[in-house]
Amino acid sequence: MSKMKRHHPFQILYDLWELIKNAFFFIFLLFVLQAGSESWWVKYGRIAFLVVFTISMIYIVLKWLTLQYRLTDTAFELTEGVFNKKKQTVPFSKIQHVKRENKLIHRILGVTSITFETTSQGDNSSVKFEVITHKEAERLQKEVFQLKNKEANEEANIKLEEEEFQPNSVEPERTIHFNPTKKEVLKASFTSLSFLAVIPIGASLLSKLEDSFPFEQQADGVISFLLGAWWMIAIAVLSLALLVIGAGILWTYLRYGKYEIASDEGKIYITKGVLEETAFSITKKNVQAIQVNQSLMKRILGLAEVKLVCAGGKEGDQSDVNNLYPFLPIDRAYQLIAELLPTYEISNTMYRLPRKVFWLRILTPSWVWIIATIGLYFWKPDIFGLSEYWWVLSILLLVLITASRILNYTQTRFTINNQYLQFKSGGFSTSMFISKRSKFIEVAASRNIVQQKLGLATLDTVNRANPVLHTSIDDVPIDWANKFFTWYKGRQQDMKTHG
Amino acid sequence: MNEQLQSPEHKLSSKSVKVWLLREAIENLIGFIVFIVLFIFDYKFTWVDWVGWVLIGLAVLGILGAIWGFIRPYFLYKHWRYDISEEFLQLKHGALKEEHQLVPMTKIQSVSTKQGPLLRKYDLYSLSVQTMGSSHTIPALDQEVATKLRNTIAQYAKVEEMGE
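Sequence lines, in order, name chains A and B. Here the first sequence stands for residues 1 to 499, where the numbers follow full-length UniProt numbering. Here the second sequence stands for residues 1 to 164, where the numbers follow full-length UniProt numbering.
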């Protein structure tokens, strides 16, 4: 049992920095923009600002004085509160993820931050140390996980229900699985270039503007406008494009340039960020499902995004915690899954949808298309001055929708492989989903009237996550749906055979 | 083709149709009164022209809805099935869109029976089950059946799962 401790004194500096950051707008407005102003609102605004600012500063100091923590053998004990005292105990066993973040200010001050996230939801869901020395952070993390490992090992000795949990007394060895190369980062940045699509849209808006302000009589559409000063436009477009590409590469580099995925027996560790470093870990046992997603752009470049669906964690942080690395080469992605989560078996032989689904997909009326066509008929948008060809757009949309549906039909796959379920679906972008029988908290099937006639069903699975994750697959044959239900009913076996 | 998904067997209370019909009748009566009042107002205060048309449109929809409302209970009763085993609660309902749910007992967090005034009149209960991500309701069960089912589910659900 240790003594109650205050947070690092730099916490005051950190809070002050945050306060100034938040107050920046007011400071700028009241003391820079309106520097010479004598008007009443500036005068009173300044007074109010100074009062609030002073009170905030006093509060920061008081907060630091009252915020204390201590580690017992099994839990964090926290006290806080300037006016209302609050005492809180967070047992280590409830902790799911650890996240470390090095913002710029942390780097300058030579400290770090650490957050322990628990399974519970709401305000008290995490234990956060915004400013802490690297040494202390290491110590806390070690304390928390030593106990957690010990508990887990004891548990594992009694009921070894998860294969990945072998009792081990040795300090686990970390293996580094992935570091992106320069080439990969460059490739990744191309997927974020889709916003280059703004250029044609901007051009069409420009032509609209010309129409509504008829000061240039001879302007009929962008084309003549472009021809008017083509070299100027060319230079402008080129430099804009270069700027956008440069910004995209820089942005990608800052976010994904420095990235490391490592793991040991029980956990996966991810460190990322060039300027602001973030590190967090995921307990393998908490992984509820794996998703491998590919957008159209990523498919063209042969990249994929691997997401680990976890229970617990804060809602806003989910995407953060989940994402392994959004720009993995596809082969590398599957290899990485096999390395990180060796118990997950990915099967290569999967079933396809029956032939009749092809016709179902093509013949089902598309509401999007119907509504869009009606809209186009009445509105007749004026793109490039071709308003009478509204039906071309309608046909184009129909072609796109049909293509997406055909792709969806040809790409949908499903299989059950021992205790694993695997779905793949999607049209232009695809998503592969893998999870275990024991991780589904509920399953459902539904059949609309057409599906009833054709002997098909839609399956829906639910995984623990925050919020719960629904995954569904459309139009599987009824036999397979039955097989799926029977398979799910056998989930108790998994608990017993491993227990 | 008329292949089926494996279905649970137990039906709802046979009195459920009566309850739904009664509820439908009461709701329609209230709707009818509201419409009459609105039409009278429309006539008396000579509201703008389109209000009358909107009211007529709504009334037509209301009548169609009422007809469906009186047919629906028979379908609902015919297609509602549930089953429990030591490990699972299984539900099936819906005629136009048939829905099946399979909920492991270990994932059930709470179970409750409820009774509104209409259900009380026929001595029926509705039973609802909460899980981590959803809630399911069996709409109308006889009293003994409901109580027994609730207690059984509570007992089965208490069994601790090791798979977490």
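These are calculated hints, taken from the structure and not from any lab test. Remember, predicted model here, so these are calculated numbers, not experimental data. Just so you know, even glycine gets a beta-carbon here, dropped at the ideal spot from N, CA and C. Do not rely on the hints blindly, as some may be mistaken.
Stated by the list, open to error - Cβ-Cβ distance ranges computed for the label pairs, FRET-style:
| # | chain 1 | residue 1 | chain 2 | residue 2 | range |
| --- | --- | --- | --- | --- | --- |
| 1 | B | Ile36 | A | Tyr44 | 34 to 44 Å |
| 2 | A | Trp251 | B | Val54 | 50 to 60 Å |
| 3 | A | Thr364 | B | Ser85 | 34 to 44 Å |
| 4 | B | Gly116 | A | Asn348 | 28 to 38 Å |
| 5 | A | Leu398 | B | Thr147 | 24 to 34 Å |
| 6 | A | Ile47 | B | Gly116 | 28 to 38 Å |
Take a look at whether the Cβ-Cβ distance between Trp251 (chain A) and Val54 (chain B) falls inside 50 to 60 Å.
-> Given about 52 Å between the Cβ atoms, the range holds.
Does the hinted range 28 to 38 Å hold for Gly116 (chain B) and Asn348 (chain A) at CB?
-> Distance hint for Gly116 (chain B), Asn348 (chain A) is violated at roughly 54 Å.
Beta-carbon spacing of Thr364 (chain A) to Ser85 (chain B) - inside the hinted bounds 34 to 44 Å or not = Holds, at about 37 Å.
Outcome for the supplied range 34 to 44 Å, where the beta carbon pair is Ile36 (chain B) and Tyr44 (chain A) | violated, 59 Å
Do the Cβ positions of Leu398 (chain A) and Thr147 (chain B) conform to the proposed distance bound of 24 to 34 Å?
-> Given a distance of about 56 Å, which is not inside 24 to 34 Å, the answer is violated.
Confirm or reject the claim that Ile47 (chain A) and Gly116 (chain B) have a C-beta distance inside 28 to 38 Å.
-> violated, 59 Å
Violation of the numbered hints given earlier is confined to hints 1, 4, 5, 6; the remaining hints are satisfied by the structure.
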